[in-house]
Amino acid sequence: MSNGLGRRKFLLYGSAALGTSLLLKACNSSPTPPSSTTATPGASPVAAGGDAIKVGILHSLSGTMAISETTVVEAEKLAIKEINAAGGVLGRQIEAVVEDGASDWPTFAEKATKLIDQDKVATVFGCWTSASRKAVLPVFEAKKHMLWYPLQYEGQECSQNIFYTGAAPNQQIEPAVDWLLKNKGKEFFLVGSDYVFPRTANTIIKEQLKAKGGKTVGEDYLPLGNTEVTPIITKIKQALPKGGVIFNTLNGDSNVAFFKQIQAAGLTPDKYPTLSVSIAEEEVRQIGKEYLKGHYASWNYFMTVDTPANTKFVEAFKAEYGADRVTNDPMESAYVMVYLWKKAVEAAGSFDDLEKIRTAAIGQQIEAPEGLVTMNANHHISKTVRIGQVRDDGLFDIVWSTPGPIPPIPWNQFVPDTKGYACDWTDPAKGGRYKVNKT
Amino acid sequence: MSPLLEALFNSISIGSVLLMSALGLAIVFGLMGVINLAHGELMMLGAYSTFVVQNVFKALPEPLFDLYILFALPVAFLVAALAGLILERGVIRFLYGRPLETLLATWGVSLILQQLVRSVNWALVAAIILFCLLFFGALQVLKRRLDWERIRNWAIAINLSLSLAIATLAGLLLKNNPNLGKPWFSARNVDVTAPAWLREGFPLGNFQVPYIRLFIIILTILCLIATYWFLNYSSWGLRIRSVTQNRTMSSCLGIPTATVDALTFALGSGLAGISGCAISLLGSVGPNTGQNYIVDTFMVVVVGGVGNLLGTILAAMAIGITNYLIGSGTLGLITSSVPALKPLTDFFTFFATTSMAKVMTFALIIAFLQVKPAGIFPQKGRTAEL
Chain A
1 MSNGLGRRKF LLYGSAALGT SLLLKACNSS PTPPSSTTAT PGASPVAAGG DAIKVGILHS
61 LSGTMAISET TVVEAEKLAI KEINAAGGVL GRQIEAVVED GASDWPTFAE KATKLIDQDK
121 VATVFGCWTS ASRKAVLPVF EAKKHMLWYP LQYEGQECSQ NIFYTGAAPN QQIEPAVDWL
181 LKNKGKEFFL VGSDYVFPRT ANTIIKEQLK AKGGKTVGED YLPLGNTEVT PIITKIKQAL
241 PKGGVIFNTL NGDSNVAFFK QIQAAGLTPD KYPTLSVSIA EEEVRQIGKE YLKGHYASWN
301 YFMTVDTPAN TKFVEAFKAE YGADRVTNDP MESAYVMVYL WKKAVEAAGS FDDLEKIRTA
361 AIGQQIEAPE GLVTMNANHH ISKTVRIGQV RDDGLFDIVW STPGPIPPIP WNQFVPDTKG
421 YACDWTDPAK GGRYKVNKT
Chain B
1001 MSPLLEALFN SISIGSVLLM SALGLAIVFG LMGVINLAHG ELMMLGAYST FVVQNVFKAL
1061 PEPLFDLYIL FALPVAFLVA ALAGLILERG VIRFLYGRPL ETLLATWGVS LILQQLVRSV
1121 NWALVAAIIL FCLLFFGALQ VLKRRLDWER IRNWAIAINL SLSLAIATLA GLLLKNNPNL
1181 GKPWFSARNV DVTAPAWLRE GFPLGNFQVP YIRLFIIILT ILCLIATYWF LNYSSWGLRI
1241 RSVTQNRTMS SCLGIPTATV DALTFALGSG LAGISGCAIS LLGSVGPNTG QNYIVDTFMV
1301 VVVGGVGNLL GTILAAMAIG ITNYLIGSGT LGLITSSVPA LKPLTDFFTF FATTSMAKVM
1361 TFALIIAFLQ VKPAGIFPQK GRTAEL
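In order, the protein sequences belong to chains A and B.
Each residue of the first sequence is one higher than the one before, starting from 1 at the first, in this note's numbering.
Each residue of the second sequence is one higher than the one before, starting from 1001 at the first, in this note's numbering.
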């Protein structure tokens, strides 16, 4: 090949490659608006008149988060379908514009911009991981738009442009730690995946244990996707030779490896009760109920919650998507947030004026499947906290729940940096993060 | 005594998992010089075949169901070996002696396999079978023509595009049928539950020996013995070794080198399938399962030296022991009994998390490779192919 690439060949191939890539880019980006505007099945025939209100749905439909986020999209679409069947919002039908974040955080930001600028949606329902939410936060704040975020998260955030319908740590982690201290033991071993949520959550737990008389005997992190749990099991046995509590913030595949291997190593739920905050009904199915039986999870909602709203929700979901499907906390949160948006829009009397909707949203209440929820001034909702134990059929027995909903505290009061701070968007003097004066 | 026994058992069990997954790659990389990045996906195929066998056995009563793992092992071997055979005949055969191209090509194949598992359904299978029938059938018919050599190029081109078009059309039509269009596995992880007799463990003093780990260790030993016997005491093993040492001379002596290559690759892939069956007992089975193991597997093969089974065994055990001793804090515990070694104890305690233990292990491997770049047992003499 000593002749190599001559100038003529180089020009020919180079321009061919450039032309092809430009063509592909054009083909990829331009048909996106019509091809991805998947109107909800119930909405499109009725919305054909062009009078429909557009809302954006932004979740990962592909990539590693897809298996979790597609269930949330289904719950949101169910809520939209029900609202449309009942007459819509302000007499108009809702049309969902669904975009795929592809488990890639920059893509989330890009699609959020597209939904707001090109599709001119009234609001966006989206995100799952904190990374995706943090990626779209600047977009929503710059364009003064509105995001509804349904997932439990680590707190330490309170944006004027986001409404959080998932649990803050004081509505999931902290009550769980209290319950464990009272019922299961004072010595905790913390296991988590190696990224921001478990590390932040464990910081909170360690501070809380110090304040309440518990003891952190050990802490270990598994890289995401890692399946070799043996060193951690050895450490647990060394630190808790006679048994103790394991607080599990693992996410994803590692959970499967963890539960399979601790059962094989003889760490049974009676001596080593394990409480998880990322295991819901879907994960029980995937890991295998034989490995999870007797362990605990802390959420605001379980499929077995006994309220009339839940019976209706589960029936409607199964009718729409299949009798073998299960519902879990993120799905219920997503379902509720669409209804909260509807109530806010109706109270404000407009779906365009986001300032009015923001003000009108605060104080809205809904009898959700999990119980009564109220939107607080800090853009989070009060939620009931429940602890469930995995039973034989893979669903949860609710072993404890708070008597009523607990108000949310986004800025954590155990972490020294944020202790004493709060968030209040009804008072312009206070805003997202202000120091509470001890009066 | 008991903690020592426990540490020993744990190290050996981690090492045996590594060895099990690296055995297939050692054969393929060592004997053929093929860098197969699809090795993790072949393990994943073995794990999925275990899932399928488990489902088939679920219909049977309890005592028979517990035996499913024994049937899953040969099925996983065969499925992965078949996949490896197709891979070798279809892709790798054209790329011998070109390691960079093999690397890229097998990486592409790994992506294809991952997506295949996510979206395979009856419609896709039917379309693939239809395509094979049309393409190869037409090829056979055309080959008999007298002017075959002349029309060869464009005949293949037209044949390929026509068969592809017809098969795609058929696949798209069939996909609309809900029974045929439903994915077999979907993108979610699937649940493989160990049979009841493998689930617990037997207590040894303070420590419980998990049956799964024991099963994997025994499986690894059996596979090692079987591979050693096959390579050194059977006639096909003799042919494999001679092709590895001198391909042209073996060909002169009448050994069918193409068949030998295919057989070696199929053997390596089959072993990957068996290891996939083993890891399905330990962790999750999903499209991304292979990605969790591929890096460690390559580390073992590189450290052990290309072409040597003993080197692979030593490397796997060494990496397993190092990983365990650092990650579980045992080293820190040992040195903490000697107060004078306090800085060393602090150093070990810092590294005593799983993430940091991996960092430490890799650092040690890099340091080792500076001293011995070709691994523990380097290949002697001139390399035959590369």
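Certain hints may be false.
BS3-like mimics (lysine-lysine), calculated; alpha carbons at most 30 Å apart, straight line [unchecked claim]:
hint : chain 1 : residue 1 : chain 2 : residue 2
1    : A       : 215       : B       : 1058
2    : B       : 1358      : A       : 206
3    : B       : 1342      : A       : 318
4    : A       : 293       : A       : 271
5    : A       : 215       : B       : 1358
6    : A       : 81        : B       : 1175
7    : A       : 206       : B       : 1342
For each label pair, taking beta carbons as the anchor points, the in silico distance ranges come out as [unchecked claim]:
hint : chain 1 : residue 1 : chain 2 : residue 2 : range
8    : A       : 321       : B       : 1115      : 36 to 42 Å
9    : B       : 1179      : A       : 433       : 54 to 60 Å
10   : B       : 1100      : A       : 435       : 57 to 63 Å
11   : A       : 120       : B       : 1181      : 48 to 54 Å
12   : B       : 1334      : A       : 196       : 31 to 37 Å
13   : B       : 1221      : A       : 6         : 58 to 64 Å
14   : B       : 1115      : A       : 428       : 47 to 53 Å
15   : B       : 1221      : A       : 321       : 45 to 51 Å
16   : B       : 1120      : A       : 349       : 48 to 54 Å
17   : B       : 1122      : A       : 391       : 31 to 37 Å
Worth flagging that the hints you see were computed from the coordinates, not collected in a lab.
Given the structure is predicted, the values throughout are model-derived calculations rather than measurements.
Cβ atoms here follow ideal geometry from the backbone N, Cα and C, with glycine treated the same way.
The hints, checked one at a time:
With a CA separation close to 44 Å, the supplied pair residue 215 of chain A and residue 1058 of chain B exceeds the 30 Å bound. With a C-alpha separation of about 25 Å, the suggested pair residue 1358 of chain B and residue 206 of chain A falls inside the 30 Å cut-off, and the hint holds. At most 30 Å may separate the alpha-carbon atoms for a hinted pair to count; residue 1342 of chain B and residue 318 of chain A exceed this at roughly 61 Å. Between residue 293 of chain A and residue 271 of chain A the CA atoms are separated by roughly 14 Å; this keeps the pair inside 30 Å, and the hint holds.
Between residue 215 of chain A and residue 1358 of chain B the CA atoms are separated by roughly 28 Å; this keeps the pair inside 30 Å, and the hint holds. Proximity of residue 81 of chain A to residue 1175 of chain B is assessed by CA-CA distance (about 26 Å); at most 30 Å being required, the pair is judged to hold. Among the hinted pairs, residue 206 of chain A with residue 1342 of chain B is consistent with the structure: their alpha-carbon atoms are about 26 Å apart, no more than 30 Å. Checking the proposed 36 to 42 Å range against residue 321 of chain A and residue 1115 of chain B shows it is violated: the Cβ atoms sit about 24 Å from each other.
Separated by about 55 Å at the C-beta atoms, residue 1179 of chain B and residue 433 of chain A satisfy the suggested range of 54 to 60 Å. Judged by the Cβ atoms, the range 57 to 63 Å given for residue 1100 of chain B and residue 435 of chain A holds: they are separated by roughly 60 Å. For the pair residue 120 of chain A and residue 1181 of chain B, the beta carbons lie near 35 Å from each other, so the given range of 48 to 54 Å is not met. Under the hint 31 to 37 Å, the C-beta atoms of residue 1334 of chain B and residue 196 of chain A, about 34 Å apart, fit the expected range.
Between residue 1221 of chain B and residue 6 of chain A, the C-beta spacing of about 60 Å keeps the proposed range 58 to 64 Å intact. Separated by about 52 Å at the C-beta atoms, residue 1115 of chain B and residue 428 of chain A satisfy the suggested range of 47 to 53 Å. A hinted range of 45 to 51 Å for the beta carbons of residue 1221 of chain B and residue 321 of chain A is consistent with their spacing of about 47 Å. Range check, residue 1120 of chain B to residue 349 of chain A: Cβ separation about 51 Å, and the 48 to 54 Å hint holds.
At about 35 Å, the CB distance of residue 1122 of chain B to residue 391 of chain A agrees with the hint of 31 to 37 Å.
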